[in-house]
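When you get a sec, could you build the whole thing from the sequences and use the hints?
Taken in order, the sequence shown gives residues 1293 to 1448; the numbers are from my numbering.
Don't read these hints as lab results, they were simulated from the structure. There could be a bad hint or two in this list.
[Claimed, not checked] Ranges of calculated distance between the beta carbons of each label pair, as one might list FRET restraints:
#1 Asp1337 to Met1379: 29 to 35 Å
#2 His1429 to Asp1303: 18 to 24 Å
#3 Lys1341 to Asn1368: 45 to 51 Å
#4 Leu1346 to Gly1305: 14 to 20 Å
#5 Asn1322 to Gln1420: 21 to 27 Å
#6 Asn1368 to Gly1343: 47 to 53 Å
Don't be surprised by glycine CBs; every beta carbon is placed ideally from N, CA and C.
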Amino acid sequence: MKILYISQIVDKGGATIALLNIVKQISINNEVAVFLPAKKGWLVDELKKFGCVLFYSAYEMTFYPIACIFSCGKYNSIGYLRFIKGMYNKISKTFQAKRDLKLAIKTFKPDIVHCNCGPLDISLDICQKSNIPHIWHLREYLPMDKYTHVMPSLSC
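This is the structure in C-alpha cells:
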C-alpha cells in the first residue's frame, strides 16, 4: 500500500516524533511518502535516514491571523492592515500548497492520504476529487483556543 502523510511542522515536537514513529513501522511493509512545509528541519533529516519519499511546499496551518488585531489594540488600523497582509499570505500559500500537493499525488499515486492536523485542510478537496481515501483528524476543541479561527470555517 502507498501512504502519503501530511505534516504541519518539521521541528522536533510531539507531533513530529509521533509521525516519525508511525513512518518507521508503516514503511516496513508499505511505501510511504511525506508532504512537508519546509526543506530543512529535524523531521526532514530523520525521514531522509529511512529513504522516505519527501515532497515540499511552504504552507501553514489555516487559522485566521486575528491575534495581530488584538496585539495592536482593537481600534488601531495597523492591526487590521497586518490582518489583511496575514490573510493574503495564508491564502496565497494555501493555493500554492494545493498545486504542489496535486503534483505530489500525481507523482506518488498514494492509496490513502493521512493528515493529522485539523487546521490544515489542503488535502481534503484534492482527495475527494481524485477518489483517494483521506484520513483527517479534526479536534473538537479547536474553537476554544484563544484567537483560533479556522479558515474557512469548521461548519463546512
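So, going through the hints one by one against the coordinates:
1. Asp1337 to Met1379: 29 to 35 Å: holds (33 Å)
2. His1429 to Asp1303: 18 to 24 Å: Distance hint for His1429, Asp1303 holds at roughly 19 Å.
3. Lys1341 to Asn1368: 45 to 51 Å: holds (48 Å)
4. Leu1346 to Gly1305: 14 to 20 Å: At roughly 18 Å between Cβ atoms, Gly1305 and Leu1346 fall inside 14 to 20 Å, so the hint holds.
5. Asn1322 to Gln1420: 21 to 27 Å: holds (23 Å)
6. Asn1368 to Gly1343: 47 to 53 Å: holds (51 Å)
Of the numbered hints given earlier, the model fails none.
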